Amino acid sequence: MASFGCFKSLSCSRRFAVNVRKAVRDVGLLNFRKVPRIPASVACVDDEQLGRSLFSLPASERSFIASSTLVSGADQPLLNLTTTLSGRAMCIDRCLHTSSYLAVKAWERRNKKVYPPQKPGEPPRKAEVYYSRRQIKHSMRKMWYIAKFVKGMMIDDALTQLQFIDKKSAKIAREVLLEAQEEAVKNHNVEFKSNLHIADAFVGKGEYDHAMRIHAKGRFSILDLVYSHFFVCLREGPPPKEVETTGYDQAQHYIDSLRKRTITHSV
Numbered sequence: 010m011a012s013f014g015c016f017k018s019l020s021c022s023r024r025f026a027v028n029v030r031k032a033v034r035d036v037g038l039l040n041f042r043k044v045p046r047i048p049a050s051v052a053c054v055d056d057e058q059l060g061r062s063l064f065s066l067p068a069s070e071r072s073f074i075a076s077s078t079l080v081s082g083a084d085q086p087l088l089n090l091t092t093t094l095s096g097r098a099m100c101i102d103r104c105l106h107t108s109s110y111l112a113v114k115a116w117e118r119r120n121k122k123v124y125p126p127q128k129p130g131e132p133p134r135k136a137e138v139y140y141s142r143r144q145i146k147h148s149m150r151k152m153w154y155i156a157k158f159v160k161g162m163m164i165d166d167a168l169t170q171l172q173f174i175d176k177k178s179a180k181i182a183r184e185v186l187l188e189a190q191e192e193a194v195k196n197h198n199v200e201f202k203s204n205l206h207i208a209d210a211f212v213g214k215g216e217y218d219h220a221m222r223i224h225a226k227g228r229f230s231i232l233d234l235v236y237s238h239f240f241v242c243l244r245e246g247p248p249p250k251e252v253e254t255t256g257y258d259q260a261q262h263y264i265d266s267l268r269k270r271t272i273t274h275s276v
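For the sequence shown, position 120 matches number 129 in the numbering used here, and the numbering has no gaps at all.
Each hint should be verified, as a subset may be incorrect.
No more than 27 Å apart at the CA atoms, straight line, and that leaves these computed lysine-lysine pairs for DSS-like [stated by the list, open to error]:
#1 Lys214 to Lys160
#2 Lys157 to Lys176
#3 Lys180 to Lys157
#4 Lys128 to Lys114
#5 Lys160 to Lys180
#6 Lys250 to Lys135
#7 Lys176 to Lys146
#8 Lys157 to Lys226
Since the hints were made in silico from the structure, they are not lab data.
For clarity, every value in this text was computed on a predicted model and none was experimentally measured.
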């Protein structure tokens, strides 16, 4: 792991930006129960007592605490080693992008939804397949164009169009669509794999990683290693017809929205 002495000039939320995954693994290896507690009533701990407390720990934990002391930049010795360790762990958590959809795959849960029995005379419900690929090593902004391009197209037309687009995002989207098509046929009882259209396609921000770029004269910068998610929903049958709106329809919609306004403090 890189030396932490060079991170004194960084803010608290950026100190552990380099090798975040290794830092998280180091924090997970620490055994907080074995960390000796120093009484909080002691105003200052001498070097001898601090040394005995440090050398009673394993070598890996001892080096991590020493590096944490360097990063903190404090002139006084540590008053409580457990507080320092928990503070460093909180610092690492702040460096990570933790969204709700990273841990819980709510998009795929929609495949398990059970609908009530249909009444006599109702048209048969079309099959829907929800599929996604997480942590794609590509920019979310570049994947967005392809997601909007294929939305509303038949699956075969989308695969044909993406085959002739010489972009990394198009190749990734084509692989995801092929996987979703295979998932629909194998696990969701779709009879004809060509009788599917892309009902929805969008992207999401993934969990970012960080790296360090070395500059001249001892300077460096933090790089963001971007990741993205690609979500797709396949629905059985042809896509619905697009309703063409004229200028008169848009003006009428605008007038209706004005008439439905609620004016605060009016008569």
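Okay, the hints, checked on the actual structure:
Straight-line distance between C-alpha atoms of Lys214 and Lys160 comes to about 19 Å, which keeps the hinted pair within the 27 Å bound. A distance of roughly 15 Å separates the Cα atoms of Lys157 and Lys176; the hinted pair therefore holds under the 27 Å criterion. At roughly 15 Å between alpha-carbon atoms, Lys180 and Lys157 fall within 27 Å of each other, so this suggested pair holds. Distance hint between Lys128 and Lys114 is unfulfilled; the C-alpha atoms sit about 32 Å from each other, more than 27 Å.
Distance hint between Lys160 and Lys180 is fulfilled; the C-alpha atoms sit about 16 Å from each other, no more than 27 Å. Proposed proximity of Lys250 and Lys135 is supported: the alpha carbons are some 16 Å apart, at most 27 Å. At roughly 14 Å between alpha-carbon atoms, Lys176 and Lys146 fall within 27 Å of each other, so this suggested pair holds. As the CA atoms of Lys157 and Lys226 are separated by approximately 45 Å, the hinted pair breaks the 27 Å bound.
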